[in-house]
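Q: The chain contents come next:
Number of protein chains: 2
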Amino acid sequence: MNSSGYRAHLLESIIPFWMKHSLDTEHGGYFTCLDRDGSVFDTRKYVWLNGRQVWTLARLYNTVERRPEWLAAARLGAEFLRHHVFDNHGRCWFSLTREGKPAFFQRKPYGAAFVSLGFAEYARASGDTWYRDKARELFRKVREWIADPGLLGRSSFSAMPATSQLADVYIVLSLALELDDSAAVAEMLKAIDVHHEPTRRLFFENATLDPARRTEYPDGRLICPGSIFEISWFLLKALQLQPDAAKQKMVLDVLEGGLEFGWDKQHGGFFYFMDIDGKPTLQLESSMKLWWVHAEAICALSHAYAATKDQRWRRWIEVVDDYTFSHFPDAEYGEWFGYLDRQGRPALTLKGNNYKGCFHIPRALLFSS
Amino acid sequence: MNSSGYRAHLLESIIPFWMKHSLDTEHGGYFTCLDRDGSVFDTRKYVWLNGRQVWTLARLYNTVERRPEWLAAARLGAEFLRHHVFDNHGRCWFSLTREGKPAFFQRKPYGAAFVSLGFAEYARASGDTWYRDKARELFRKVREWIADPGLLGRSSFSAMPATSQLADVYIVLSLALELDDSAAVAEMLKAIDVHHEPTRRLFFENATLDPARRTEYPDGRLICPGSIFEISWFLLKALQLQPDAAKQKMVLDVLEGGLEFGWDKQHGGFFYFMDIDGKPTLQLESSMKLWWVHAEAICALSHAYAATKDQRWRRWIEVVDDYTFSHFPDAEYGEWFGYLDRQGRPALTLKGNNYKGCFHIPRALLFSS
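The listed protein sequences correspond, in order, to chains X and D. Just so you know, we're using the working numbering here: the first sequence kicks off at 1 and counts up by one. Just so you know, we're using the working numbering here: the second sequence kicks off at 1 and counts up by one.
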């Protein structure tokens with residue numbers, strides 16, 4: 001699909017689905033557990049997804065067209081989060097009831113990270129500096145929580161190998177880019193090195209700091225092609241700001257390695273989780289084909305092609321586009337199915353849940369067009 | 001398969017696999033992350049599975065044949081747990097390194113419950129009363145932790161509906177039967193009532209105490225056919241000790257309801273998770289076919305037939321047996337594959353992991369023969 005095809009799909013199939021079905025005009029915030037036809041099957045407000053949708057809607061308003069309904073919809077989520085998401089310690093709940101009461105706390109920094117992301121973009125859309133300041137404060141806290149998970153009540157176990165998580169590098173890098181924190185961008189361009197496996201041309205999902213312990217446990221051997229695709233284009237964006245030819249070569253090399261390793265030669269599409277040594281994973285859903293993995297692949301390939309004009313990326317885009325647009329979109333009700341089985345059939349009918357929302361697809365289509 | 005067929009399969013395919021591949025004669029305890037051929041892909045000792053395997057081996061020794069190698073293998077796990085599983089508060093770790101150092105703590109009572117189960121059976125095999133006393137002490141603690149999850153560091157959220165978990169009823173009932181606690185058995189025969197959905201003939205996995213909130217959230221709507229099968233035969237065992245004709249009728253009715261609701265009419269086998277209203281589940285692996293669900297169905301059907309001599313259970317046994325033994329066993333290396341996709345193909349090659357060990361299959365084959 002070409003750029004204008006992506007843009008049309010974004011504005012005709014994806015965004016209308018969320019604008020029509022996810023807005024809770026009664027209590028604020030967004031429903032994200034939406035069945036195939038958009039009907040709500042869980043009224044909880046999931047914080048990752050509410051923060052992400054604020055980002056998407058504000059970003060559309062800021063960069064595509066200043067439609068008042070997008071700004072109003074972004075405000076619906078931003079104000080709901082502002083009033084309900086913080087606990088007494090300034091941490092973020094993982095989920096809230098429809099009315100905004102705490103439903104679950106997750107001992108991870110990602111909820112706060114996506115609230116920060118949404119607030120930063122909404123501040124630009126609304127001009128309300130409270131959101132900009134809060135986004136920066138949350139970014140500082142997210143970095144503290146990553147450095148010391150005990151602050152979120154997480155235990156650590158000294159007999160297990162210390163690791164760097166690719167998700168942490170990604171989340172800090174993505175916020176650093178949004179908040180123009182060039183020191184943090186530089187740090188993450190260094191932090192990625194410990195994940196690099198040069199022979200296999202991959203990034204480890206959980207990289208042990210001691211290289212000798214790399215493949216001791218399934219966690220250390222874990223490869224998530226979608227994470228590789230997602231962080232690749234953030235790294236390419238970072239390298240536009242802080243050029244480093246050797247690092248760019250490394251990122252493009254791993255992107256290609258991830259595409260080759262992650263592709264299912266038998267049924268097409270990218271696997272969700274893989275063991276670098278081909279051993280079984282502890283995750284049961286490893287062979288499923290997930291929407292975000294494919295959206296991120298398209299986005300990464302678009303960035304790689306834009307950065308290099310190398311035709312090998314165009315060839316890969318054709319392969320991934322062909323699989324993606326023939327398997328994920330739902331022509332009848334709009335949006336994409338999220339979870340296909342290995343053979344490419346929808347394993348669940350849903351369009352959104354506690355992890356799939358209005359984020360990866362619109363972002364990939366926006367940034368690839 | 002008839003009784004002697006089950007027994008032969010147990011002694012020729014299942015137990016030899018674990019005796020050959022899972023014993024860590026160097027550090028004690030059992031490896032349970034075993035690939036198709038028995039090779040170890042994760043050296044951690046998972047506590048649920050170590051406790052369960054102690055139970056299985058001691059039970060074989062106590063009830064099938066007093067083979068010294070079964071007792072020695074049971075001791076290998078029992079002593080490893082005795083020395084390594086308890087933290088300073090008398091709680092149990094979820095997993096340990098190969099050497100026995102803490103690797104993870106789960107804020108749930110099930111680790112301790114399976115240690116108690118294993119210790120109770122091992123005490124009978126070994127004659128060592130320390131294990132019997134410890135099993136009883138752990139059972140008391142498990143009940144306290146179920147009543148007040150805050151003792152394990154679990155948060156509760158007052159805006160969410162209070163629920164009874166079928167797993168808690170099951171775990172208390174199974175330990176009460178093993179430890180001859182007739183008062184606790186009687187309590188669980190009452191506690192099951194809140195899970196009962198008489199029109200649909202099912203037990204809710206997470207039953208809201210307020211019936212008006214039953215189907216408000218996906219958690220409340222969740223049906224797990226395997227849990228229904230598993231608790232059915234425990235309830236039938238309990239009802240042999242404390243007869244109650246109306247309750248037995250209810251249990252058999254729900255067993256039949258669960259078999260009918262859980263069966264995949266298109267591809268055969270039982271689903272893992274289902275929504276009572278047919279809405280999507282939040283679990284991604286819902287349509288997979290799992291070993292334990294089918295082992296529990298066979299065990300429940302054997303108990304139902306033994307209790308009633310009603311031919312409808314024989315007809316169901318034929319259907320379940322046919323699917324199970326044509327899909328799960330691995331003729332080449334022994335044991336069963338654990339995780340099939342909806343169409344019945346192994347989705348993972350493994351024979352054991354952090355949740356599949358030497359327990360459900362041997363128990364079902366032992367109790368059905």
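Think of the hints as simulated: they come from the structure by calculation, not from any bench. Quick caveat, the model's predicted, so the values are computed rather than measured. Keep in mind that a hint or two might mislead.
Distance ranges between label pairs, derived from CB positions [unchecked claim]:
1. D:D193 with X:R66: 23 to 33 Å
2. X:N88 with D:E137: 51 to 61 Å
3. X:H267 with D:E332: 18 to 28 Å
4. X:S182 with D:A159: 33 to 43 Å
5. X:H83 with D:D210: 25 to 35 Å
6. X:K237 with D:E12: 52 to 62 Å
7. X:L11 with D:R107: 38 to 48 Å
8. D:F104 with X:T25: 38 to 48 Å
9. D:Q242 with X:D148: 48 to 58 Å
10. X:T43 with D:V64: 43 to 53 Å
11. X:S158 with D:N62: 36 to 46 Å
12. D:E144 with X:A72: 49 to 59 Å
Some chain X residues near chain D, calculated using beta-carbon distances under 10 Å [claimed, not checked]:
13. S4
14. R7
15. L96
16. F105
17. P149
18. L151
19. Y217
20. E285
21. L290
22. R315
23. D322
24. F325
25. S326
26. H327
27. R342
28. Q343
We put the CB at the ideal spot given by N, CA and C, even for glycine.
Q: Each hint should be assessed against the structure and marked as holding or not.
A: Hints and how they fare:
no. : hint                           : verdict
1   : D:D193 with X:R66: 23 to 33 Å  : 59 Å, violated
2   : X:N88 with D:E137: 51 to 61 Å  : 37 Å, violated
3   : X:H267 with D:E332: 18 to 28 Å : 24 Å, holds
4   : X:S182 with D:A159: 33 to 43 Å : 42 Å, holds
5   : X:H83 with D:D210: 25 to 35 Å  : 27 Å, holds
6   : X:K237 with D:E12: 52 to 62 Å  : 59 Å, holds
7   : X:L11 with D:R107: 38 to 48 Å  : 45 Å, holds
8   : D:F104 with X:T25: 38 to 48 Å  : 43 Å, holds
9   : D:Q242 with X:D148: 48 to 58 Å : 52 Å, holds
10  : X:T43 with D:V64: 43 to 53 Å   : 52 Å, holds
11  : X:S158 with D:N62: 36 to 46 Å  : 39 Å, holds
12  : D:E144 with X:A72: 49 to 59 Å  : 51 Å, holds
13  : S4                             : 33 Å, violated
14  : R7                             : 29 Å, violated
15  : L96                            : 8 Å, holds
16  : F105                           : 6 Å, holds
17  : P149                           : 13 Å, violated
18  : L151                           : 15 Å, violated
19  : Y217                           : 6 Å, holds
20  : E285                           : 4 Å, holds
21  : L290                           : 9 Å, holds
22  : R315                           : 30 Å, violated
23  : D322                           : 24 Å, violated
24  : F325                           : 22 Å, violated
25  : S326                           : 21 Å, violated
26  : H327                           : 17 Å, violated
27  : R342                           : 7 Å, holds
28  : Q343                           : 8 Å, holds
In the structure shown, a violation is registered for the earlier hints numbered 1, 2, 13, 14, 17, 18, 22, 23, 24, 25 and 26, in ascending order.
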